[in-house]
Amino acid sequence: MANTIVQEFTKGLWREIPPFRLVLGLCPTLALTKSVENGFGMGVALTFVLVCSNVLISALRKIIPGKVRIACFIIVVATFVIIVELMMQAYTYSLYQKMGIFIPLIVVNCIPLGRAEAFASKNGVLRSALDGLGMGIGYTLSLSTLAAFRELFGTGAITLYEKPIQIMGASFEPFGFLVEAPGAFVCLGLMLCVMNMLGKK
Amino acid sequence: MGDLFLFMISCILLNNILLIQYLGNCPFLGTSKRMETATGMAMAVIFVLVLAGVMTWLARKFVLVPYDLVYLQTIVFILVIAALVQFVEMFLKKSIPVLYSGLGIYLPLITTNCAVLGVCLINVQEDYDFLQMLVSSFAYPVGFGLALILFAGVRERILLARVPKPLQDTAIGLVTAGLLSLTFFAFKGMV
Chain A
146 MANTIVQEFT KGLWREIPPF RLVLGLCPTL ALTKSVENGF GMGVALTFVL VCSNVLISAL
206 RKIIPGKVRI ACFIIVVATF VIIVELMMQA YTYSLYQKMG IFIPLIVVNC IPLGRAEAFA
266 SKNGVLRSAL DGLGMGIGYT LSLSTLAAFR ELFGTGAITL YEKPIQIMGA SFEPFGFLVE
326 APGAFVCLGL MLCVMNMLGK K
Chain B
4 MGDLFLFMIS CILLNNILLI QYLGNCPFLG TSKRMETATG MAMAVIFVLV LAGVMTWLAR
64 KFVLVPYDLV YLQTIVFILV IAALVQFVEM FLKKSIPVLY SGLGIYLPLI TTNCAVLGVC
124 LINVQEDYDF LQMLVSSFAY PVGFGLALIL FAGVRERILL ARVPKPLQDT AIGLVTAGLL
184 SLTFFAFKGM V
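So the protein lines, in turn, are chains A and B.
Numbered per our numbering, the first sequence spans residues 146 to 346.
Numbered per our numbering, the second sequence spans residues 4 to 194.
Chain A extracted, bound-state conformation:
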């Protein structure tokens, strides 16, 4: 069943939204959803890498020999990751410091590699770009939602542009468990459960 071009874009937003439908790229999902800022930053960085690597890989798909394709994909992804890393160092240094090693780790995040292998190496440039964009936006949305939930109930405030905005009233007792490591796992698990309930089956 061939998807239309619009469907290539929208499938990343709901039907195959990472990381809920495709359980890939979990590490940054867990580590960088302590605050909305981090989650959103990660989402944008990943979207950039995903779109660029999808476009390049799909443009080169006839040249890359089948046997060494994974190595080629990794090099393409790594190149764009370095670009993101240097850009973030230059323009958003505080966010870069907070995200720490998770920016270079986009290289081994399964999403860019998975999309390269499953989609970009078989489809045209436009379709791959839309697929990357859809997946990236879907990932950003999921990360931001999860981060908003954890930050709102974990600290009672949402941080935007490094300024915490108090949302909960003064009587609200922050549920600190949520912003710690165990809370990340439990939250993501419950979120998956909600997605399964809302999903098609």
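There's no promise every hint is true.
Claimed, not checked - Incomplete in silico selection of chain B near chain A, CB under 10 Å:
{"id": "1", "residue": "Leu26"}
{"id": "2", "residue": "Val119"}
{"id": "3", "residue": "Leu170"}
{"id": "4", "residue": "Gly176"}
{"id": "5", "residue": "Phe187"}
Claimed, not checked - Far from chain B, by Cβ distances over 10 Å, these chain A residues were calculated:
{"id": "6", "residue": "Tyr238"}
{"id": "7", "residue": "Tyr241"}
{"id": "8", "residue": "Phe264"}
{"id": "9", "residue": "Thr290"}
Unchecked claim - Calculated pairs, SDA-like style, for lysine to any residue (alpha carbon to alpha carbon, straight line, at most 25 Å):
{"id": "10", "chain 1": "B", "residue 1": "Lys168", "chain 2": "A", "residue 2": "Val331"}
{"id": "11", "chain 1": "A", "residue 1": "Lys243", "chain 2": "B", "residue 2": "Glu129"}
{"id": "12", "chain 1": "B", "residue 1": "Lys96", "chain 2": "B", "residue 2": "Thr40"}
Read the hints as simulated data drawn from the structure, not as lab findings.
Note that CB positions come from ideal geometry on N, CA and C, so glycine has one too.
Using the hints provided, position chain B relative to the given structure of chain A.
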């Protein structure tokens, strides 16, 4: 010596790579359904990470820093790890077939295991000397293996339980991992 021992314990338990630092979660959920696969994966990660830690540390110290190429660190590290994994696979296949039959299928998966690249990057970021690097490259994957094997044990029991439909498989796995992470979290009071 005592310091190094304390450092090792903190890498295994306090800063457990899986449950506290959130690295390597894809294989954590992927290979923990059966005890056998979990043990195989744990062994393979320990084996490769010690080698990868040494190689990347040397590559950085003697190639990247002297030639001012540190900005290429990510790409060099991933290539070193990928090449190393290939090499280890071929070497084991030829000379130690027993070990190969145990670890074989897990080796290719390790290239994209973020715990491996993650620990190599931590080593560099924290500016460890050679001995500290050696300890951390050994202790982190031991912590990974410990958590993975514990989790596989729990997960085998979950198979027997009746789990509500929306929670099945990964969702319940993550909630369980959260509880396990809570246990490891308690070690924070130790040091």
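Hints and how they fare:
The beta carbon of Leu26(B) comes within 6 Å of a beta carbon in chain A, closer than 10 Å, and the hint placing it at the interface holds. Look at Val119(B): its Cβ gets to within about 8 Å of chain A, closer than 10 Å, so that hint holds up. With a least beta-carbon distance of about 5 Å to chain A, the hint placing Leu170(B) at the interface is held under the 10 Å criterion. With its C-beta approaching chain A no nearer than about 7 Å, Gly176(B) sits inside the 10 Å limit, and its interface hint holds.
A cut of 10 Å between beta carbons decides the hint on Phe187(B): the least distance to chain A is about 8 Å, and the hint holds. Its beta-carbon lying about 15 Å from the closest one in chain B, Tyr238(A) satisfies the requirement of being farther than 10 Å from that chain. No Cβ of chain B comes within 10 Å of the Cβ of Tyr241(A); the nearest lies about 13 Å off, and the non-interface call holds. Non-interface call for Phe264(A) relative to chain B: holds, since the shortest CB-CB distance, roughly 17 Å, exceeds 10 Å.
Here Thr290(A) stays apart from chain B, with its beta-carbon at least about 16 Å from theirs, past the 10 Å limit. For a cut-off of 25 Å, the pair hint linking Lys168(B) to Val331(A) stands: about 17 Å separates their Cα positions. At roughly 15 Å between alpha-carbon atoms, Lys243(A) and Glu129(B) fall within 25 Å of each other, so this suggested pair holds. Distance hint between Lys96(B) and Thr40(B) is fulfilled; the C-alpha atoms sit about 19 Å from each other, no more than 25 Å.
In summary, the structure agrees with every hint in the numbered list given earlier.
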